[in-house]
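S.K.: Here is how the chains run, residue by residue.
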Amino acid sequence: MGLCVNEQKIDLIKAIVERKLHHHFLSKQIEFPVIDEDRILMLAMAVNETELPDTQADQYVTSAMLVQVALDTHEKVTNPLSSMKERQLTVLAGDYFSGLYYRLLADHENLDLIRTLAKAVKFINEYKVSLYQFELDDIDTFMLYLKRVETTIIEQFCNHFNFVHYHSLFTELLFFKRLVSEWEKYKNGHFSILFEGLKRYTAQDRMENGQNLESICQMYIEKSKTVLLEAMRGVGTLPSILQTRIVDLVNGHHFAT
Amino acid sequence: MKLKRLYSTFKYDLDLIEKELENAVCSNSTLLQNASLQLLKAGGKRIRPVFVLLSAQFGEYKIDTIKNVALALELIHMASLVHDDVIDEADTRRGRPTINYTWDDRMAMYTGDFIFARSLEYMTNISNPIAHKKLAKAIVEVCIGEMVQIQDKFRFDQTIRDYLRRIKRKTALLIAVSCELGAIAGKTDERIYRRLYKFGYYIGMSFQITDDILDFTATEKELGKPAGEDLRQGNITLPALYAMQIPELKAEIIKVNEDTNKEEMQKIIHLIKHSGAIEKSHLLSRRYLDKALHILQELPANRAKRPLQEIANYIGKRRH
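Here the protein sequences line up with chains A and B, keeping their order.
Be aware that the first sequence starts at 1, since it is given in my numbering, and climbs by one per residue.
Be aware that the second sequence starts at 1, since it is given in my numbering, and climbs by one per residue.
Accuracy of the hints is not assured; some may be wrong.
Said to hold, decoys possible - Here are the simulated lysine-lysine pairs, DSS-like style, with alpha carbons at most 25 Å apart: (1) A:K185 x A:K225; (2) B:K137 x A:K119; (3) B:K255 x B:K198; (4) B:K133 x A:K85.
Claimed, not checked - Computed far set for chain B versus chain A, every beta-carbon distance over 12 Å: (5) Y12; (6) Y101; (7) E121; (8) E229.
Because the hints were derived from the structure by calculation, they are not lab data.
For glycine and all other residues, C-beta sits at the position ideal for the given N, C-alpha and C.
Sequences and hints are given; from them, build the entire structure.
M.R.: Have a look at this one:
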């Protein structure tokens, strides 16, 4: 299933996404968005099983990537940016990328996928508000919402194309990456919502008192790693590119002290 | 006369849209819902839904279908306002605190994205792909328009054509598309929806030019911000462009920057107001309005024509 997705396919789709994102004025003014190749791989695997012509399937993957990039771009607005102009353009860039996803799917007359991705965006923003405004009851719900923020686009896209076999693997892989990224942010002295959540909810629970935040975070990362490796074994045969990617990720992460 | 009195014929359907807007922002997150409602309750002219409903009268008027377009257009407008407030670092909108002021930028970004997603959900209830192609194209153009506005800040050598292209994207497009999509959702033929697009475009252009004139002629109380603020922020609008056709005035206007104080701004405003630029701007606004009214004459007679005409005239006479 989705086994034929290879590096060339990912490079091809990445190039399409990059072309769509390029805007002569924007590209000079703000940092070009980071395009997560792992996400392209997962999305490409999902459409690979359909009867869709290649070019159309690539466009669908591109549309989901545009949505992800739009959301990621708006995340930057909340961080200190170098100038007012850069900040303003970052807001507009995110809106522009959202518009591009809609236009791409409207041109393909795929209203169902427009709806699927719009729903995903709606849910993600609900999760984000609950996370960042600490609307949740406990640490487990907090972690669940953090995971959903990362996985909802991929999950909804895969469901849309009835590609459910890799669900646990994909969601855990994205969650693991997010946890590691939060760990790194914290270690580099940046704001980390994960550590803010741990501070708030573990103190509330009183169960974790005495344990420091870093060791709690490490525990979650280790737990996610275990789930990820189990999920990898559970799905059976994997495209070699995905297998290599997961192994590299898991082995590449060390808790720097 | 209040704009809402002009379309009292459609009160029942507009009330329905208002209720549906509240449903549209229902959320599992209480905070997100409250933030969206805060914006919704601040009101607004609801000009886009009005144009959708009136334009649909030229075809099969089925409110259960048409409302999806009306809601989508208003939600898109709302989402853009939330993000505009982040861009402008605005504390208030229509006299109420903005979402970024009450909470923070992060909350405003999420709320805007949430509302935009909801708008697309409603829009997908319209199955005609033409409607989606037109709306999607307009959304992208509007975003480009806003980026160009930032690019053009303090660019005193821009032309009137640059200005007109900018206000088309900034304001006229969404009004034009509201009229066009209302007609498409009402299943009118192409000839009708194209004309309604043009009607909306001309109205939108006239509306924005009037807005830009008011920035120089209205009082601080009427505007809710100091007069001439657009120019001080670097947005070169039509009255300033006309005034700059006089070399002596141009020499004064190009000195304006964000640090220009109130007294200096008053002097510049006085110069612009007495240069004939305001009258010339009114004339252009009127020309767009006349074009809109002319298009209206070409449309078949129905109960939407008169309110559309009255709205056009209202826009022409508006003072704040």
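S.K.: Among all the numbered hints in the text so far, which are the ones the structure does not match?
M.R.: Violated hints (numbers, rising): 3, 4 and 7; every other hint is consistent with the structure.
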